[in-house]
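The working numbering numbers the first residue of the sequence shown as 4 and each following residue consecutively.
Derived from the structure by calculation, the hints contain no laboratory data. Owing to the predicted nature of the structure, the values given are computational and were not obtained by experimental measurement. Cβ atoms here follow ideal geometry from the backbone N, Cα and C, with glycine treated the same way. A hint or two may mislead.
[Claimed, not checked] Mimicking PhoX-like on lysine-lysine, the simulated pairs with C-alpha atoms at most 25 Å apart in a straight line are: (1) K174 x K159; (2) K234 x K159; (3) K174 x K234.
[Said to hold, decoys possible] Here are the computed distance ranges between Cβ atoms for each label pair: (4) V21 x F186: 29 to 39 Å; (5) K159 x Q199: 19 to 29 Å; (6) V204 x L165: 13 to 23 Å; (7) G71 x A25: 39 to 49 Å; (8) L86 x R194: 20 to 30 Å; (9) G71 x D38: 41 to 51 Å; (10) D38 x L73: 42 to 52 Å; (11) R194 x L165: 17 to 27 Å.
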Amino acid sequence: MFPLNDTEPNRYGGSLPVMTLAIIFVNALVLYIDDRVWETTNVAFYVLLFRRAFGSIPQMILGQTGGGALSSLTAMFLHGDILHLSGNMYALWVFGRRVEDACGAWRFLGFYLASGLCADIISTLFRYNSSIPSIGASGALFGVMGAYLLLFPGGKIRTLILLGPVPLLPKLQAFWIVFYFLFLQLIAAYRLLIYQMESRVDYWAHLGGFFSCFLVFFFLRREAFARYLSKTPV
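Kindly produce the complete structure, drawing on both the sequences and the hints.
In structure tokens:
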């Protein structure tokens, strides 16, 4: 199941999601710089600079060493490779446009960062003894997906489904898509907790980001918030 795009028009602003595009650009730029540093320095320096200084490492955050809490912010803009970046930014494009429209550009940025910080707090609490850096925007993106579900529960997402030789492109209700991905994170996080395992994927950050979606109500436009309270489609 691959969500492709939201099918509904924006209500409040223009059709161009300026902040969503800006976040995508900044993340791509950081990955480019990251790659250049990797190519031009030795491995030890690279790991020290970009992973231990800017990645979120629970041991270092709780020990108040390295970048400390600031790394919870910088880690959001680091990605392991182009596939990691592409998957996250594609999800941001699919779900972020209408959430940004309901918030406004700068409020959307505030919500995005707040979701990422909450995701990292949850991740740090569950991985408190880990020395593995957590990087990526996926915690913030799960917050955006959760906000989309709250604000547009009847929203339709054009989705690519590969069940046979002929791909399907139905418009699925956002509920089914978001909860499909949430269910996968819950199962994986449960296994990590029960078996005390480490993983290259930070499922706890995903869950923390998703359940921070309620913060979006602090960042909505007044009109959007009024429509939500009156049970009018946002």
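Checked hints:
The suggested pairing of K174 with K159 holds, with an alpha-carbon distance near 5 Å, which does not exceed 25 Å. Using a Cα cut-off of 25 Å, the hinted pair K234 and K159 holds, with the two alpha carbons roughly 18 Å apart. A threshold of 25 Å between alpha carbons decides the hint, and for K174 with K234 the separation of about 23 Å falls inside it, so the pair holds. Between V21 and F186, the C-beta spacing of about 33 Å keeps the proposed range 29 to 39 Å intact.
Between K159 and Q199 the CB atoms are about 41 Å apart, so this pair departs from the stated range of 19 to 29 Å. Under the hint 13 to 23 Å, the C-beta atoms of V204 and L165, about 22 Å apart, fit the expected range. At roughly 26 Å, the beta carbons of G71 and A25 sit outside the given window of 39 to 49 Å. The given range of 20 to 30 Å is respected by L86 and R194, whose C-beta atoms sit roughly 23 Å from each other.
Remark: the range hint 41 to 51 Å for G71 to D38 is contradicted by a beta-carbon distance near 26 Å. Between D38 and L73 the Cβ separation comes to about 23 Å, which falls outside the hinted range of 42 to 52 Å. With their beta carbons about 25 Å apart, R194 and L165 fall inside the hinted range of 17 to 27 Å.
Taken one by one, the earlier hints fail for this structure at numbers 5, 7, 9, 10, listed in ascending order.
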